[in-house]
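Participant: Single-letter residue listing:
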Amino acid sequence: MTVAAAPANGERRLTIAEALREAIAEEMRHDDKVFLIGEDVGVPGGFGGAFGVYLGLTEEFGHDRIIDTPISEKAIAGAAIGAALMGMRPIPDLQYADFLFECMDELVNQAAKMRYMSNGKLSVPMVLRCPVGTANRGAQHGQCPESYFVHVPGLKVVCVSDAYHAKGLLKSAVRDDDPVLFFEHKLLYGSKGREQAGGMDLTAHVPEEEYFFPIGKAVVKREGTSVTIVATHMSLYRSLAAAEELARDGIQCEVIDPLTLLPFDEDTIFASVRKTGRLVIAHEDTLTGGWGAELAARVAEECLYSLQAPIRRVASHDVPLPVAPVMEQTVVPSQARIKAAIQRCCEG
Amino acid sequence: MTVAAAPANGERRLTIAEALREAIAEEMRHDDKVFLIGEDVGVPGGFGGAFGVYLGLTEEFGHDRIIDTPISEKAIAGAAIGAALMGMRPIPDLQYADFLFECMDELVNQAAKMRYMSNGKLSVPMVLRCPVGTANRGAQHGQCPESYFVHVPGLKVVCVSDAYHAKGLLKSAVRDDDPVLFFEHKLLYGSKGREQAGGMDLTAHVPEEEYFFPIGKAVVKREGTSVTIVATHMSLYRSLAAAEELARDGIQCEVIDPLTLLPFDEDTIFASVRKTGRLVIAHEDTLTGGWGAELAARVAEECLYSLQAPIRRVASHDVPLPVAPVMEQTVVPSQARIKAAIQRCCEG
Amino acid sequence: MSSGTGVERTEPGAAQGSAAVDTAHELDLYRRMLLIRRFEEQVYLLYLRGEIPGTLHQSQGQEAVAVGVCDVLQRTDWITSTHRPHGHALAKGVDLRAAMAELFGKATGCCGGKGGSMHLGDPSVGMLPAIAIVGGGNTVVTGLGLAFKLMKTDQVVVCFFGDGASNEGAFHEGLNFAAVQHLPIVFACENNLYGASTPFHQTSLVPDVASRAPAYGVRGEIVDGMDVLAVREAAGRAVAEARTGAGPVLLEFKTYRFAGHSRGDVRGYRSRDEEAEWKERDPIVRLRERLAVSLSEVVLDNTDAQVEAALDDAVEFARQSPLPRAEDALTGAYATVIGKESTP
Amino acid sequence: MSSGTGVERTEPGAAQGSAAVDTAHELDLYRRMLLIRRFEEQVYLLYLRGEIPGTLHQSQGQEAVAVGVCDVLQRTDWITSTHRPHGHALAKGVDLRAAMAELFGKATGCCGGKGGSMHLGDPSVGMLPAIAIVGGGNTVVTGLGLAFKLMKTDQVVVCFFGDGASNEGAFHEGLNFAAVQHLPIVFACENNLYGASTPFHQTSLVPDVASRAPAYGVRGEIVDGMDVLAVREAAGRAVAEARTGAGPVLLEFKTYRFAGHSRGDVRGYRSRDEEAEWKERDPIVRLRERLAVSLSEVVLDNTDAQVEAALDDAVEFARQSPLPRAEDALTGAYATVIGKESTP
Ligand SMILES: Cc1ncc(C[n+]2csc(CCOP(=O)(O)OP(=O)(O)O)c2C)c(N)n1
Ligand SMILES: Cc1ncc(C[n+]2csc(CCOP(=O)(O)OP(=O)(O)O)c2C)c(N)n1
Ligand SMILES: [Mg+2]
Ligand SMILES: [Mg+2]
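Residue numbers (my numbering), protein chains in the order written: chain A, 1 to 348; chain B, 1 to 348; chain C, 1 to 344; chain D, 1 to 344.
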């Protein structure tokens, strides 16, 4: 595996959906143990998965390796785990991250523990892709449940926000020997038109040549000296936009995309906090018990004496998701809320 | 409801198991909408629930109100939720907290959200009792999964460690109109002989008169000025023992039992931290993403300027539970580890 | 078949001889089916125009099931529904304006704008907020049945679910638990041949969901879900059994959704021939033809006009209704608030 | 019955005419059952004496199922097991010493002391660490079957589970998925009449788990689980079907656990008469009597002595084995460690 450096400017730009599709296709070509399994993933004339990521793959790989299942999340997760235990590298699909709760036992009690219980004789190489995020679909189709899994020893948790890292990390995840939960934001796929993500350019440079991006490494998306911001998915882009605004007032934000939530890349984040003395964390998962709490707790333990102000967290408010846009936008972290938190942090 | 003051010294001492049984019996007598439902809860000649808490209740209340079920956690949770929506007050039972993952969807997506989705027209008054804790049963029968539920808006989470508060809180939980998850430690029931909890006296004074202890209130178990310790279950008792040892060295620990984890009693804890300037958190749930992280994050935000040292967390290490006692005891927070963390915090 | 373990098949049209329904009643069934059809068609347009946010799962073609089943229920009986709840909601009596306003995300919606299309419902008419987790209702419904049994009311609850949901663990646990407890529940499967894009026959070796009833010792029955009178009759029997403690019953309605799975589905996974075949059996057209024998065109056209007027009114109501207050999003998760209700 | 949707019942003793098993083989079946019986009895005493920590779920009485099923499997075939795995482990060939040491929590245990009684297993002989979540194996097993199908090996996997587990959603999803994918799996239900203290007949209106097979379009069969030859024959057929892609098959073994559900269970929920009736059918006694017709007492006593010696050796091995190193508890959760392996 060659690990590519940060993306250089180049001409080939892909959406996250395209980047993921390419990563899967490459890995399926590379290793015939890799296969897809899930709901509506390969039905002829169908959707290519709930977000179209698999479109075209059945044509190349056939129904043996793109397996359509009944709506049976426990069976899908169980099948993936069992096949992984036998040396396959499954990529199961449950459509929305909201449905992970239907197979929590398989994930928490089986996938995460089999290696340990077997005293290292077995492993569970699988990648479960989990689309998250609010898109006016209400309480059961918009959650960002990544933090539940950050609490599961034995799992790895990845959270991607752009096409370059999505591809590089997905390829690493498929080759990783542990179970990886791979969280993607529905508004960032880029497959459904730009307006959904508020006019953002949802493509990124993705080299033609094969590359991998390692699990467990954060990236600094924007350098700055005043305050460190750690954010994922939509909150990352809102943080970057807030950073632009604040730069005019002389606040120089360092914005970090953690990319892997379990294990955290403490080195990158701690180094930044030690430099800036201030930390704001932003995520769309709800506040209480969210992964931001873990990061804040670690920084409060390891970097306390560097902190010049209280750590601020901006997250979805602690309520289920309402569907009406005016309410939904109140719940999720907006650019304005992120900006206000940064300002407050810089005053404190 | 009268809310009793802190327990006075008196003669009637009960174990937690007895106190819970008494609370359930009182509430079932008081309100015929209260009923029990679960696996092996009322079988004649059976166990009275996995930990004997229900022994004798079927004789008084009959099989209509002590309902034995198939081993079907989704159905049990669903039945409880549905009955609660219709105005009943079910107490479902799944035997071990480890099996909560089998009905996560019902808990996270239904119980916690129904009130909100219905715009307040419905509520889900139910109390799910969850036995937790390590007792040489390995990776799938010893977890302390309370932190997953601290992350679920719409649920309340209670964690009891002595008979007095167990009874008072269970009665409050049954009368509460929201879904409450009620975590009890298996080694603290007192029903299986003292040696299991290392010779501790597992009884506490429980008044004859009816009383309630409110959800959302922490108690200061030991006053002190040097450092605040927030701990639950076995970690609470180990913290108290460590505090005794440290008192000889002049370290005066203030030990707090939070009792409710969602919502946290910030007032009591923040006041203590503002007084002592130091905080150690101890729990048997695993470290990363545990509720200690949320508490640390809040203190790091709200009390940063009072902190004289980094916040220390002592928790189960981030691994599944091994069964061999020598390994198991390495994973869970021991008195020695708690003591060392307190010492470190007081040096820092 | 009268035994508790068989699967019965009601032939299409078998219910037509039923004396229970007079023409006025039939006209009412027609009106209610048409209301659902036109509601679905209208909201689709409103969605395309951007007036309705989010997504929609629609039930054109399946109206006979919703209307036929709910017709035999009392107001105090309950239903649970799915991600595809519009028809169920209107059939059970959720206020048309409140349903429309909910889709618009307005404060006057039946869930105050918090629920949306996938969570339509109203406890005051006996409908839980619909559960959009496939199979989610199949376990929760047992609690409603259990409450009715324990409280010794004679209420019944109907659990609507899809063919796709029958492969969920929830189907198994819910039906088995209901069976051993003899709960007053009718499990009403709308087998529209597909779970999203996946054909049912690719997800189960048994062609009929009702064939699973014997595994639980309950009665199963296959019903023509494109014939509202057949639906009504079968549902009537099942509900009567459930009400008297002889339930639960598993009914399987063979039906078809004329629209895509959700907005934007171009239905490439099924043939236009298949669609045309099922369109031939349009439950609304069938009933209209039947009614046309005894009623004049004028009466029927009048009914159609009533439906249009009601819909126009509902759309206008939804349009004019105020948005929810943004800050209302932050309250309502708890019945008893302790401390702050949510993080500020 | 040969159709894919029926339930077959093999009468007790029906297998006795089977020519497939000669006396030497029968003696071996006897020895293996006895090993399990004596293992269970011994570890119970060791548990009471405090040499074995934790808890135990034991399988005295059910030995014929474990031994009869595993006898028709290859070493490269796999099994999954439950909270009650001792018999399955020994029958599939987990090293006796390593199994015993695991119960003692020793470093030499088959899981290095990390698994314990409820998670016995060893991949090198084709047994996953047992899954102590009721029904937990029923979904994971599909992945083993799927892997064998995709890799085009001719391996088979047997999923052991209890009557209680058949009411879990996992049973439904696992069996249905295996059926539609035609996976090489035998679902082997040990119906010992109780799920913990709860009688199966209180948790299901159908008396036989095998009756659920038709709901999935698979073959179900009821087998006398107290007759190792009957078990062996039925399992042999089912495994052959599974191996050639005609599976999965659902076998239900009627059996009984002579001991309590777990240590300390005084079995107040069942009658001593019922226990006595089943003891009459003790599979080990039955086979010994049968063997006594053709073999001398000496040969049989010799076999018994071999078993005792092997057990004594295993206990001694476990006693003498070193404890795991405390710090080993903190490693092994990940195959590829990134940063620190666990929190220090
Ligand atoms: C647990 C769960 N898994 C998957 C989905 C995604 N999903 C929504 S509807 C649907 C198809 C449901 O099929 P069926 O039960 O037949 O109902 P229909 O859509 O045909 O009305 C799927 C897979 C979901 N909402 N919940
Ligand atoms: C999901 C889950 N629910 C409950 C339990 C607790 N429990 C352990 S064994 C058991 C009974 C299992 O009965 P059965 O499947 O018949 O197996 P048997 O014990 O008879 O071998 C129960 C309820 C569990 N381990 N897992
Ligand atoms: Mg369908
Ligand atoms: Mg059993």
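To be clear, the hints were calculated from the coordinates, so they are not data collected in a lab.
Even glycine gets a Cβ: it sits at the ideal position worked out from N, Cα and C.
Hints are not guaranteed to be accurate.
[As the list claims (entries may be wrong)] Simulated coverage check for chain B against chain D, where a stretch passes if three residues somewhere in it have a Cβ under 8 Å from a Cβ of chain D: (1) 35–45; (2) 97–103; (3) 137–147; (4) 311–320; (5) 324–334.
[To be verified] Taking lysine-lysine pairs in the DSS-like style, the calculated list, with each CA pair at most 30 Å apart, reads: (6) 221(A) - 275(A); (7) 33(B) - 152(C); (8) 121(B) - 152(C); (9) 279(D) - 121(A); (10) 275(A) - 149(D); (11) 221(A) - 340(D); (12) 275(A) - 217(A); (13) 217(B) - 152(C); (14) 275(B) - 217(B); (15) 217(B) - 33(B); (16) 221(B) - 275(B); (17) 121(B) - 149(C); (18) 217(A) - 33(A); (19) 121(B) - 217(B); (20) 121(B) - 279(C); (21) 149(D) - 217(A); (22) 217(A) - 121(A); (23) 279(D) - 33(A); (24) 33(B) - 279(C); (25) 121(B) - 33(B); (26) 340(D) - 121(A); (27) 33(A) - 121(A); (28) 275(A) - 340(D); (29) 275(B) - 340(C); (30) 221(B) - 152(C); (31) 149(D) - 121(A).
Participant: Hint by hint, note whether the structure agrees.
Facilitator: Here is how each hint holds up against the structure:
1. Residue count for the stretch 35–45 of chain B with a Cβ under 8 Å from a Cβ of chain D: 5. That meets the three needed, and the coverage hint holds.
2. Look at the stretch 97–103 of chain B against chain D: 3 of its residues bring a Cβ nearer than 8 Å to a Cβ of that chain, three or more, so the hint holds.
3. Interface restraint, the stretch 137–147 of chain B with chain D: holds (5 residues with C-beta to C-beta distance below 8 Å; minimum three).
4. Under the rule that three or more residues need a Cβ within less than 8 Å of chain D, the assignment of the stretch 311–320 of chain B holds, with 5 such residues.
5. Only when three residues or more bring their CB closer than 8 Å to a CB of chain D does the claim for the stretch 324–334 of chain B stand; here the count is 8, and the claim holds.
6. Taking the CA atoms of residue 221(A) and residue 275(A), the gap is about 16 Å. The hint holds against a cut of 30 Å.
7. Distance check on the hinted pair: residue 33(B) and residue 152(C) sit about 12 Å apart at the alpha-carbon level, within 30 Å; holds.
8. A C-alpha spacing of about 23 Å is found between residue 121(B) and residue 152(C), which places the hinted pair at or below 30 Å, so the restraint holds.
9. For the hint pairing residue 279(D) with residue 121(A), the CA-to-CA distance comes to about 39 Å; that exceeds 30 Å, so the pair is violated.
10. At most 30 Å may separate the alpha-carbon atoms for a hinted pair to count; residue 275(A) and residue 149(D) exceed this at roughly 55 Å.
11. Taking the CA atoms of residue 221(A) and residue 340(D), the gap is near 25 Å; set against the 30 Å cutoff, the hint holds.
12. Proposed proximity of residue 275(A) and residue 217(A) is supported: the alpha carbons are some 19 Å apart, at most 30 Å.
13. Of the supplied pair hints, the one linking residue 217(B) and residue 152(C) is violated, its CA atoms being roughly 38 Å apart against a limit of 30 Å.
14. Distance check on the hinted pair: residue 275(B) and residue 217(B) sit about 19 Å apart at the alpha-carbon level, within 30 Å; holds.
15. Restraint check for residue 217(B) and residue 33(B): satisfied, since their Cα atoms lie roughly 26 Å apart, inside the 30 Å limit.
16. With a CA separation close to 16 Å, the supplied pair residue 221(B) and residue 275(B) stays within the 30 Å bound.
17. A C-alpha spacing of about 22 Å is found between residue 121(B) and residue 149(C), which places the hinted pair at or below 30 Å, so the restraint holds.
18. Restraint check: the Cα-Cα separation between residue 217(A) and residue 33(A) comes to about 26 Å, which is no more than 30 Å; the hinted pair holds.
19. This hinted pair checks out: residue 121(B) and residue 217(B) have alpha carbons roughly 27 Å apart, not beyond 30 Å.
20. For the given pair, residue 121(B) sits about 39 Å from residue 279(C) by alpha-carbon distance, which is inconsistent with the 30 Å threshold.
21. At roughly 37 Å between alpha-carbon atoms, residue 149(D) and residue 217(A) are farther apart than 30 Å, so this suggested pair is violated.
22. For the hint pairing residue 217(A) with residue 121(A), the CA-to-CA distance comes to about 27 Å; that is within 30 Å, so the pair holds.
23. Only pairs whose Cα atoms come within 30 Å are accepted, and residue 279(D) paired with residue 33(A) is rejected, the gap being roughly 49 Å.
24. Among the hinted pairs, residue 33(B) with residue 279(C) is inconsistent with the structure: their alpha-carbon atoms are about 49 Å apart, more than 30 Å.
25. Between the alpha carbons of residue 121(B) and residue 33(B) the distance comes to roughly 19 Å, so the proposed pair stays at or under 30 Å and holds.
26. Taking the CA atoms of residue 340(D) and residue 121(A), the gap is near 20 Å; set against the 30 Å cutoff, the hint holds.
27. Proposed proximity of residue 33(A) and residue 121(A) is supported: the alpha carbons are some 19 Å apart, at most 30 Å.
28. At roughly 23 Å between alpha-carbon atoms, residue 275(A) and residue 340(D) fall within 30 Å of each other, so this suggested pair holds.
29. Pair hint residue 275(B) plus residue 340(C) holds up; C-alpha atoms about 23 Å apart against a cutoff of 30 Å.
30. About 46 Å separates the Cα atoms of residue 221(B) and residue 152(C), which puts this hinted pair outside 30 Å; it is violated.
31. For the proposed pair residue 149(D) and residue 121(A), the alpha carbon gap of about 22 Å is at most 30 Å, so the pair holds.
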